[in-house]
Amino acid sequence: MALLDCENLRKSFFGVEVLHGVSFSLDRGRVLGLVGENGSGKSTTMNILGGVLRRDGGRIRLDGADYEPRGPKDALARGIAFIHQELNLFENLSIEENLFITGFPRLGAAIPFINRGRMRRRARELLEQVDIRHPPGTPVGQLSQGERQLVEIAKALSVDARVIIFDEPTTSLTRREADRLFGIIERLRGRGIAMIYISHVLGDVTRICDDITVLRDGAVVGGGPVAQMPTERMISLMVGRTLDQLFPERTATPTDTPVLEVRGVSQPGVVHEIDFTLHAGEVLGIAGLMGAGRSELARILFGLDSFKTGTIAVDGVAIEAPSPSVCMDRGMAFLTEDRRGEGLMMHATIADNIALASLDEYASPWTRFVERTRLGDEVGRIGQKVRMRAADPMATLVRHLSGGNQQKVVLAKWLLREPKVFILDEPTRGIDVGAKFEIYKIIDTLVADGAGVLMISSEMEELIGLCDRILVMNHGEIQAEFRRGDFDSGRILEAAMRRRGTEAAAAPAAAMREAV
Amino acid sequence: MIATSIAGEARPSGPRRLLRHLLFSEYLVLYLSLAYFLAVLPFVPQMASAEVMRNILSDMLPLLVVAIGQTFVLIVAGIDLSVTSIIAMASVVGASVMTGDGGYLADSALAVPGAMIAMVLVGLAIGAFNGFCVNRLGMPPFIVTLTTMMFFSGAAIWFTTFHTETSSIANLPHGFVVLGQGNLGGVPHALWVVAAVGIAAHLVLARSVLGRRLYACGQNRRAAAVSGVPVGRVIAAAFLISGACAAVASILYTGRLQTGTPILGQTILLDIIGAVVIGGTSLFGGKGKVLWTVFGVLFLVLIDTSLKMLGLSLFSVFAIKGCVILLAAVIDAVRTRYAARF
Amino acid sequence: MNATRLRLVLLRNAPVALFIVVLAVFGSLSDRFLDAQNFTNILIQASHIAILGIGMTFVLLTAGIDLSVGAVMYLSVALLGIYLADVPPLLAVPAMMAAGALFGLVNAFFIVRLRVAAFIVTLATLFIGRGLALWVTETRMVFYKDHILSLARAEWLGVPWAIWVFAIVFAAAWLVLNHTPFGRQVYAVGENPDAAAKAGINVPLVLTAVYAVSGACAGIAGFVSITQVGAAASSFAMEKEFAAVAAAVLGGVSLFGGRGGVAGTVFGAVLIQTVQNGLVIVNADPYIYPLVTSSIIFLAVFVDSQRSRILERLGRRRIRIEERPV
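Just so you know, the sequences run in chain order L, R and A.
The first sequence begins at 6 in the numbering used here and counts up one residue at a time.
The second sequence begins at 4 in the numbering used here and counts up one residue at a time.
The third sequence begins at 3 in the numbering used here and counts up one residue at a time.
If you are wondering where the hints come from, they were derived from the structure by calculation, not from laboratory data.
Here are some, though not all, of the chain L residues that point toward chain A, as calculated from beta-carbon distances under 10 Å:
1) V57
2) K78
3) H89
4) E91
5) L94
6) F95
7) E96
8) N103
9) F105
10) R121
C-beta: ideal position from N, C-alpha, C; glycine also.
Using the sequences and the hints, build the whole thing.
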């Protein structure tokens, strides 16, 4: 009999059903990979298991007994630990305090004080199991992301978890840290602990999981032992169509006119001797592993962060003292990877968000008042151009929009300025397939109108499908350049990992994870 | 900006609909003020007299000017506790310039304008210092303005000791006193000034580029910076405006009292912040309007006046004021949570 | 890089260095300043602010604020003077603590249950508390009987009574914050309330408790203060809430929650009092006291903000290792 058995789980939010009967089961000592696009219902399912949400229908059996957690604490007490993507650790507390934050060993039943000696001993045992060698009294703030992940696992072990759920555990880990995590998962499997592993990195899923379940639109669309689920099959199940349909035909070819020239840009500890030219009508991709310095470069180019040496020129004229407003005046635009944190005012209307970067252009010269009618008309026009689907941009708040429509708001904000150089940092992260396609079309129209687009993406397929040229960054440097026609995902990946020495050599197969 | 966007949801009928309409209305605090006025009228019929109305108005005016300045700071998610010390400091500095008892410009034709310029400069200078510390030095506004408040409250008293043996600087020129108490076309000078400040502030917030940027900085500072908003300068502008408004309030208060006194405004700090918050401006930034602040100040002054006229003791005035602020905050919290459901 | 490290070390120890400078300056200006009796005086004078600040520290650690503590001080001494005038202190103090804690629970109700911002709730209850106190005292000055006033001079084992109270409150608060599950959960809630809730900490309970603690401390502070002042006018403990926040911040407690501790707060309160005391001893113009005090607080906050900026910069993830790693 399976350890965990979910049958026909249903869940609705505000009358809209998002889980339509999800079923799967999990045995002791096995790792189940749960894959699916954002919004496919992975998180909802796991939140039900972890006690964060209550299910509306279906049943869950844990070890043969009905399982209905009243909250995260209850779920934990029943042996189900949920390690969230954003770690639940307190940086101001020590490792041991984090491990026991809700169940400190006390000096005695009636004595309210913490038994520090016992806490330390138990913490040492737990940390040994996850290979952490820091003293238990070390503040968590001093640990790396990977080590924090391991502390979370130790926390799960501290309550004798029988099922551990990992939600995108590797997003902020380095290659080496991820390998270390996989080693621990391997070891836990050996001890009979069952695990559910959620990830977009299909290479990882293939590497460490025993079984795969694919979700789409709140329902299970396929699954089976990992040997029967090659990556291509997972993807086609996830998206419901084959890959080559995903990209629009490019309507224009790049010109020879440079719009952005970057020469020898260096910032110690961040990027080194960055050198490239972006032409009008060109989509230039930047590939690389997480932490290769791509976003940091984008921020430097847009004047958000400083650099020590080198020049950045737009239309042949160097930018002195770059800042976002200076760069914007020169025709640059920047779509950030952190949409909620840096891209949008979530509690403001669509129109207010779109107008924010163009206020000066719509200010009357004398009073500095915003010319609201002119601005409103333009906002409406641009909204249509990006196919914004919202009733009234003047009244709808951005936080009520889907991820895809939110991203269109950010795009519209910059399109309103008619940029000549558009830096896009992960423009399709966290949005659904349909909206992705529309964003690709917007990019195509933009370059067809003569702009240059610098596109950072972690999705290799996206870069290959859309770009005219791809630069590969790693270790803060540009490692290689590929032209359309020479694109080869294997070679691009090889360049992205070159010089990473031992790390890359240690796990060549696993490095595929960045590719998908 | 926020409240109006709720309209057009599924509509329940009858009294519930009216209640919802009221709850989400921008004019909620105005309605409450009117309701309150009507409710106390049977107990204190004099409230409706022209005399009392005039008093309410003249109590409102200086408070309103400071509160408008505070609104700017709250919109950028800051807070300015130093306004009362600005009022005090500007008052004694202004008085020291124009007093007949050995003022720097005593008996000169420039005494009154000179003093007023000096007062506004004091406000701007302290506001600029606050803005500098918050922006450039990255210090939290609460602490920065708390220390400037402590410093300049003390400094105002100290400054006074150089100019007079008594606790305040008297013998202000006739021209200044007339300015504070006279009227133009039947309308008191103070009202002209406050109306001008209010309209200007409203236009800046509602219509100008700076206004849009103030809201943007309050809603999401990082997003504003990425969109090319000069965040530092915008926040500094909010503190500057707050300082200048406090200085204008100081001119009005000083004119009314006819002396420059260092304890001027000492007790009104909580009234100021309370009034702005009652109006509906959020302490967390990104939300607020001049009109809301006008209503908030009206409500607070109305309660103050009525309670005094009811012959209630000081303690009741305190306690009821507290309850009103609390009630306003609870309504705002309910409103926000209700709105979040859609 | 080494220069940065050095700056960090300097900045971290700046408040202590400031304290030493203060001692040196006043010590050289007056030989009375550094004697033991004077230091005892400083501790006595600092005790009520320190106790108030200790309660405030609990609240600040959860990223809240309690502006009502001055009003609670006044309210509790009003109750003492009117209803508990003949009750022995050993019973009166718990009663005052209970009144303060009850007041704190009211604050907590609005903050935790109705989710109104702590700043505005406690601002309102500041008015309400003062109003209640004026009602209790019928707006008259309250005088206290000898058994309370005599405590000002009372000693035990040669240590003045006020210092004992101060020490006991400090020790209790330190133990609670550092060595009980509740104390560590206070830090966790302040660092990240969402994560605390997900981890299974009863966040509403923790928040409720800190406001009760703050209220109770205000009750004790009221008692300690009244033994020294002797009478309570309607302006009693006015704006003490700011003094308490200042002491905590001077001692390194963050307004954003999760950082700092009661030892720092006590240090801050003592430092402020030392400066005030020194100014009195060297016969400084009394009008410059607030100027000096506020400048010192400003300096401490300035130093702290510079330090956290450097730390933040150092904490940024590095992509390339070009120099020696941090």
